[in-house]
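Asks: Spelled out from the first residue to the last, the chains are:
There are 2 protein chains.
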Amino acid sequence: MFEKSKYVERRQKLMSLVKQGVILLLGNKEVSLNYPANTYSFRQDSSFLYFIGLDIPNLAALIDVEKNDVVLYGDDIDIEDVIWMGHLPSIKDLAALSGIEHVKPFAELAKDLETFSSRKIHFTPPYRNANKIYISESLKMPLAKLKENSSVELSKAIALLRSVKDADEIAHLDEIMAFGYEMHVTAMKMAQEGMHEQKIAGAIEGIALQYGARVSFPVILSKHGEILHNHHHNNILKKGDLLLCDAGFESNMGYATDNTRTIPVGGDFSQKQREIYEIVLKANNTAIAMSKPGVFYRDVHLASAKIVAEGLKALGLMKGDIENAVAQGAHALFYPHGLGHMMGLDVHDMEDIGENYVGYDETVQRSDQFGLAYLRLAKKLQPGFVLTVEPGIYFIPALIDMWKAEHKFEQFIDYDKVETYKGFGGIRLEDDILITETGCRIMGNNRIPITPEEVEETVKSACKAK
Amino acid sequence: MFEKSKYVERRQKLMSLVKQGVILLLGNKEVSLNYPANTYSFRQDSSFLYFIGLDIPNLAALIDVEKNDVVLYGDDIDIEDVIWMGHLPSIKDLAALSGIEHVKPFAELAKDLETFSSRKIHFTPPYRNANKIYISESLKMPLAKLKENSSVELSKAIALLRSVKDADEIAHLDEIMAFGYEMHVTAMKMAQEGMHEQKIAGAIEGIALQYGARVSFPVILSKHGEILHNHHHNNILKKGDLLLCDAGFESNMGYATDNTRTIPVGGDFSQKQREIYEIVLKANNTAIAMSKPGVFYRDVHLASAKIVAEGLKALGLMKGDIENAVAQGAHALFYPHGLGHMMGLDVHDMEDIGENYVGYDETVQRSDQFGLAYLRLAKKLQPGFVLTVEPGIYFIPALIDMWKAEHKFEQFIDYDKVETYKGFGGIRLEDDILITETGCRIMGNNRIPITPEEVEETVKSACKAK
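Line order of the protein sequences matches chains A and B. According to my numbering, the first sequence is numbered sequentially starting from 1. According to my numbering, the second sequence is numbered sequentially starting from 1.
Think of the hints as simulated: they come from the structure by calculation, not from any bench. Among the clues, some could well be false.
Just so you know, same-sequence chains aren't split out, so a pair can sit in one copy or run between any two.
[To be verified] Distance condition first, Cα-Cα at most 30 Å in a straight line; then the derived DSBU-like pairs of lysine-lysine:
1) K140 to K111
2) K422 to K92
3) K313 to K292
4) K147 to K111
5) K404 to K92
6) K6 to K460
7) K29 to K147
So here's chain A without its partners, still in its complex pose (with noise of 0.2 Å):
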């Protein structure tokens, strides 16, 4: 964890947005696999992480706003197990590296918090189970009312913080982008002929719990990269294929990274993959090159999704007007989603908290435009954030024989054209940057492989070696 000042200011800075009240941060729980003492590996609460700092489950923490307390609720472990844990902090001393002062059994949160129910009780929307029956029972409110009855105050202040990245998370951002790469570059290296997409998947996964990390989502390793919530591994490459393959790692901290790079197997790009590459590429370095403070990110959104339409267009696929097409969304049956989002010590930053709070403001508001409406991030940028970049073309066949049943922007889109796409499958291309007081960087020391000869070179680099 960082040193216990920074958590004391980032709970002064939360205090004096939030104003009054009592702040509830519960940390999470183990959850059982199979039984009950079979365990997923942990994984803390990440605002209980960004404003506590102990990653160790089974704690809570109360913040009396108008009286500047703060409260650690944990159990110590008892004699008897120490036999079989051996030697660990005390909860006073774990409270110590926080710059906290008073802790208590957790057992005293429920009463506590009865204490309080005058008062308002800040908590943010629960998405774990367990904290979902704690509040319920100790607030003594329905488990269907928890999200309503949520803080909107807790929520905003939490995004108002955590969006701005301080120093030493850049610095710790900018380290961890290595393990990123190197899992993606071993993917390259993997991407070859008779290869099982599941031996790529495991082999990334392990080089994240190899660093004692995790991966910060489950990985997306697939030649059919047009199945966008696609998470088997079950086909074997073939030459020809496009392995896409989108992989982040997130950090014994927490924080994460997100990229996405788009392979062909065994180290060729055919002429017909590089020409739609090339338009995500461009679509990728044109977002990068606008993203700046004070840029609306749905302009920089529309900006990629007009490249990508003009490319389609160069191309055949589409046809008409450019403008027109993208401002009514024809562009969205290849590019059906949104640009990037927040990225932070969640893989998708606060999305427990809500993506209105975090990527929307009063300044710009959710489309409901089928491709634009999945948009995570559409506010004015600031310096400070981090955030993904990851344009897209997909041939998705169930999506194009619905749009051509229904004759859907005809004038916009050449169907007999995109038929001949039809198993192409889909790129994406994935970087994950820093908004600087100027623009922005590309975080980490090195750019993933991602021109069609970097990547290429790597792929091959792997045939040489054998």
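Put chain B on the given structure of chain A with help from the hints.
Replies: This is chain B only, laid out in the frame that chain A set:
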């Protein structure tokens, strides 16, 4: 999954054992990691896998015992989702794989449970919070009452059926032992001076992932093998360290392996290490030689304890009458856990429904003696049981200090001598066996290297390869 006839047959047997009422088999749901959409890798409930076979979230089955009727509840993905998830089989098609004719949308389950409210509804104790909430709400039962309201008849019937593995299960288990072998031999080869524990732990978990599978429980890999509930991997290995590795593979059908080896870092046991190692190995081999149908596993445990105590007496760590020492539990200072447990679809098989139904019966009661009380399997062995054999010797500073201060078993323990072993660590040697008609056999084609010579040779084979 297996052929559908197997699931039909298992459900018939279950119905004939439970005799009346309605059996609710709830499948597992996805679990959120740090926000709702970011989930842990899915793990289906083991009894659901055993009786239904479908490894997909958000399913449930109701078995009407008296009507001999089975209904599978689940929701087809809608046409919109096909765009994101590709074409997936319908619930009807999935049900057919399990030999089930009747399917209903998931929302119908709550209504059907209401219809059956005058009849006995059998369920096992839920261990996932989502299923606790579901049962609590649909059966109108407080969360705190679920365990006591769960069905003893159902738990006993499941224990009876799942305890005896059939030929297909045995063949599958024999096959996946090779992956556990690969994990352990990899750990041995990596156990070199200067290596970080987490590198090894991550590498062997990565092996499981590369086979499209997972580890059957969080890897225990530590030079502090004496800390039994130790899941940290923070140490750097040094020559002279003993590295304890307790790890298992879980297949994509849900079946587990579970082995432990203890490895001299760099490849050479010291004299002192080898002396303790040979005692544990003898205890392991003797226990395997004794295991056969009709023998109480408690007696096998006690025989292994006697070998441990005799060996420690020969080294001057214990003294006095060994029969008596073991009867009173003095050996538990060094060997404070049970000899083993049942294994199958869970690494601790059916621990969710209760160890007392799985490892004990009316012929044998759980002891309350320190050490023996932790024995998970005590009852008579039967052909088809799959279980672990895992004796160990540990020098646990906190436990030694506690007993010494209490002058506990001074007639059996030479505490001065024991003091000279503080810092030794711990040794455990664990194999998986199948009880046959006439005795038992170690599962898999090859026993993981276990003699001191085999282990030393395996560790050193990596050095040569460099």
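Asks: With reference to the structure, classify each hint as holding or not holding.
Replies: A quick look at each hint next to the structure:
1. In this assembly of identical chains, the alpha carbons of K140 and K111 lie at most 30 Å apart whether taken from the same copy (13 Å) or from different copies (26 Å).
2. In this assembly of identical chains, the alpha carbons of K422 and K92 lie at most 30 Å apart only when taken from different copies (28 Å versus 61 Å within one copy).
3. Taking the shortest alpha-carbon separations for K313 and K292, only the intra-copy value of 28 Å comes in at or below 30 Å, while the best inter-copy value is 74 Å.
4. Taking the shortest alpha-carbon separations for K147 and K111, both the intra-copy value of 23 Å and the inter-copy value of 25 Å come in at or below 30 Å.
5. Within a single copy, K404 and K92 get their C-alpha atoms only as close as 65 Å, which misses the 30 Å cut-off; across copies the closest is 29 Å, which meets it.
6. For the identical chains of this complex, K6 and K460 are neighbours neither inside a copy (46 Å) nor across copies (47 Å), given an alpha-carbon limit of 30 Å.
7. Taking the shortest Cα distances, K29 and K147 sit within 30 Å of each other both inside one copy (20 Å) and across copies (20 Å).
Of the hints listed earlier, the one the structure fails to meet is number 6.
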